[in-house]
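Top to bottom, those sequences are chains A and B.
What the first sequence shows, in my numbering, is residues 1 to 229, in sequence order.
What the second sequence shows, in my numbering, is residues 1001 to 1409, in sequence order.
Source of the hints: derived by calculation from the structure; they are not laboratory data.
Everything numeric in this text was worked out from a predicted model, so none of it was measured.
Where is the CB? At the ideal position from N, CA and C, for every residue including glycine.
Any given hint could turn out to be false.
Facing chain B, according to a computed beta carbon distance under 8 Å, are these residues of chain A, among others [to be verified]: (1) S46; (2) G47; (3) A81; (4) R85; (5) L116; (6) A117.
Just the calculated beta-carbon pair ranges, DEER-fashion [unchecked claim]: (7) V1284/B <-> A133/A: 53 to 61 Å; (8) R1279/B <-> G118/A: 22 to 30 Å; (9) L1008/B <-> G139/A: 49 to 57 Å; (10) A125/A <-> E1374/B: 58 to 66 Å; (11) R1012/B <-> L78/A: 34 to 42 Å; (12) G198/A <-> L1294/B: 29 to 37 Å; (13) S23/A <-> R1012/B: 25 to 33 Å; (14) L1008/B <-> A188/A: 55 to 63 Å; (15) E1401/B <-> D222/A: 41 to 49 Å; (16) I1376/B <-> G136/A: 50 to 58 Å; (17) L1003/B <-> S23/A: 32 to 40 Å; (18) A224/A <-> L1008/B: 26 to 34 Å; (19) V1284/B <-> G123/A: 50 to 58 Å.
Chain by chain, the residues:
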Amino acid sequence: MAERPVIRMEGVAKSFPSPDGGSLEALRVGRWEVEAGAQTALTGDSGSGKTTLLHLLAGVILPDRGRVEVLGTDLASLPEAGRDRFRGASVGLVFQSLNLFPHLDAEENLLAAPLLAGRKAPGDAERARSLLARVGLEGRARHRPGQMSLGEQQRVAIARALMNRPPLLLCDEPTGSLDGRRRDEVVALLREMAAENGATLLVVTHDDAVVAAFPSRLAIRDLAGGAAS
Amino acid sequence: MTLERLVLRSLRHRLLATVLSALSIALGVGLVVGIDTLRREARANFEGAAGTWDLVVGPKGSPMALTLSSLFHLGEATDTMPVSALERLRADPRVALAVPVVLGDRFHEFRVVGTSEDLFRAEARRGVPIRCAEGRPFASFDPAARNFEAVAGATVAAREGLRPGSVLTAAHGMDERIEGEEHDEAPWTVTGVLAPTGTPLDRVVLVHAAATWAMEGHDATAGRGEGAEPRISSVLVKAANPLLAGALFFEVRSSETLTPARPFLEVRSLLDLVGSADRLLVAVSVLVVVVAALGILVSMISGMRARRRDLAMMRALGAPRRVLAGLMVGEAATTGAFGAGLGLLLGHGIVAAGAAALTEWTGVRVRPTAFAPEEILLFAGAVGICALAGLLPAAAAWRTEVAEGLSGE
Ligand SMILES: Nc1ncnc2c1ncn2[C@@H]1O[C@H](COP(=O)(O)OP(=O)(O)OP(=O)(O)O)[C@@H](O)[C@H]1O
Ligand SMILES: [Mg+2]
């Protein structure tokens, strides 16, 4: 592959202080690369470090050791404000639930993304409307999260994660609070929209049905040892 | 979408807390504005009404009480003095104008003031002449003609429906709550109605002093025997110039039987006395604003837990810490601005209500719309205090860690 990998991790370890005064290793990654455009499902037991991995990739936390490169940028080399800017520009995040600002309606939630990332542009309102239409919520622009179902909220969250056209879309149990049919719809939508927007997609899940929908699957315990892609 | 809009949306989301906080700010600001405007306006008007006369000369007693009863028709006239004192003052070359004040009668709740036609040469307050808007001043009393003529103040006329030609009957005693004996015979005929002056004159009925002495059953000479000299309550004096006013003051002060009062100074010292009380009120009101700002702080801090996730979400979307802190200060300052704006309106509402009461009581008129330039400072100050109160929530928002805020759903 001539293209630079979107994700590159090498010799990464991350520990957290534990209440008894010691420290607890949350994640260890030997060598790992993800190429542009890949759609990967990441699985692992509870507490195996999946969320920690996503936080490292989003520049929300820094590794104790090793190198985390996203889109060719060594995140540890950036100051905090730089990582904020990087995240706003390059990474879209979707969580299990409560993704949206409860006091803003669907369209405002989308517009908050460029606003808070400091990337407002003239076409924002139009893009927000077309993304909402794309996730099937054309008529719900003025609805606040409390007025939408969980599945609808997740679709708004996906649309918002793509507002700033990030090259990398990270999802942490995005279907965790949805039932079977809604789950399949959301997974399909995620994959389609990542492809349409040219974003590399990494989805953390422990749902086998979700894993089955992805061409590329990865167990987090396999990362500790060595290479995977 | 703008950060300002985000602030407003967030305030709307916590509407009750926002409204309560803004109301408490409004209360404090309103009190400051209300008390301060009333104080300023009342002072200007009281001093204005007192400033047209250099001296009030009355029987031995308190100069303050003399000023209040003669010029503002507040309180009882203490005693009386012989009319010869008036004549001596009129004869004095240093005196430009001297008019008697005879108190003791009332028409419903309004006082009837015996004076002379010379009063119409004076001013009600600086720049406001005493003149009839309708009809003419009363004529000098002629005992043979028994012309009991009266001029009604603007408020009296409006309230009682008096016009030139109306007839009214006065009663004894200045306290309307005490049933007085009516002078049934020879009622007063209204010859004129005064133009409004915004002074206590609006609330009196003016008659000729000599007419009051001739009024049946009047006790101007009571207890002093037939043919005794008529008595008056006081004399209002305008000196030929201020230096002479001072000389007159000291001369009268050395008299055995008379008291001089310099009304402007008496009013000023009274207002200074009241002033220290309303400075305290203003201080308390400022304290109300500060406490209200603390209320904003407390409500924001206690709402912080619930907002932890929202704040973490903002950072997940790439917002730097300073934006989060700015939003908190913005929310506090915006609440303060709403409250302070409302407070300015409230303050002038307080002034309007207070002005009505003050006018009702003294005739002194206060403009509720008298916006002072200091109000801009007050507004800015209130917003500033609230913004300061937002700094603590801002610090808490600053410390938001994305990872922690997003875990634990
Ligand atoms: N901020 C933190 N402080 C201390 N320990 C932490 C912190 N964040 C994570 N950990 C620990 O690190 C380990 C990995 O946590 P992580 O959240 O990454 O797991 P996970 O794979 O996402 O689990 P789950 O599937 O339950 O979400 C856990 O043992 C957790 O207790
Ligand atoms: Mg997790």
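So, going through the hints one by one against the coordinates:
1. S46: This hint is violated: S46/A lies away from chain B, its Cβ roughly 13 Å from the closest one there, beyond 8 Å.
2. G47: Given a least distance of 12 Å, the restraint on G47/A is violated.
3. A81: holds, 5 Å
4. R85: This interface hint holds because 6 Å falls under the 8 Å limit.
5. L116: Nearest chain B Cβ about 4 Å off; hint holds.
6. A117: holds, 4 Å
7. V1284/B <-> A133/A: 53 to 61 Å: holds, 58 Å
8. R1279/B <-> G118/A: 22 to 30 Å: violated, 49 Å
9. L1008/B <-> G139/A: 49 to 57 Å: Violated, at about 25 Å.
10. A125/A <-> E1374/B: 58 to 66 Å: About 43 Å separates the Cβ atoms of A125/A and E1374/B, which means 58 to 66 Å is violated.
11. R1012/B <-> L78/A: 34 to 42 Å: holds, 36 Å
12. G198/A <-> L1294/B: 29 to 37 Å: Check failed, 52 Å falls outside 29 to 37 Å.
13. S23/A <-> R1012/B: 25 to 33 Å: violated, 44 Å
14. L1008/B <-> A188/A: 55 to 63 Å: Distance hint for L1008/B, A188/A is violated at roughly 37 Å.
15. E1401/B <-> D222/A: 41 to 49 Å: With a Cβ separation near 29 Å, E1401/B and D222/A fall outside 41 to 49 Å, so the hint is violated.
16. I1376/B <-> G136/A: 50 to 58 Å: About 52 Å separates the Cβ atoms of I1376/B and G136/A, which means 50 to 58 Å holds.
17. L1003/B <-> S23/A: 32 to 40 Å: Holds, since L1003/B and S23/A (Cβ atoms, about 39 Å apart) stay within the stated range.
18. A224/A <-> L1008/B: 26 to 34 Å: violated, 49 Å
19. V1284/B <-> G123/A: 50 to 58 Å: Holds, since V1284/B and G123/A (Cβ atoms, about 55 Å apart) stay within the stated range.
In terms of the numbered hints stated before, the structure departs from hints 1, 2, 8, 9, 10, 12, 13, 14, 15, 18, listed from lowest to highest.
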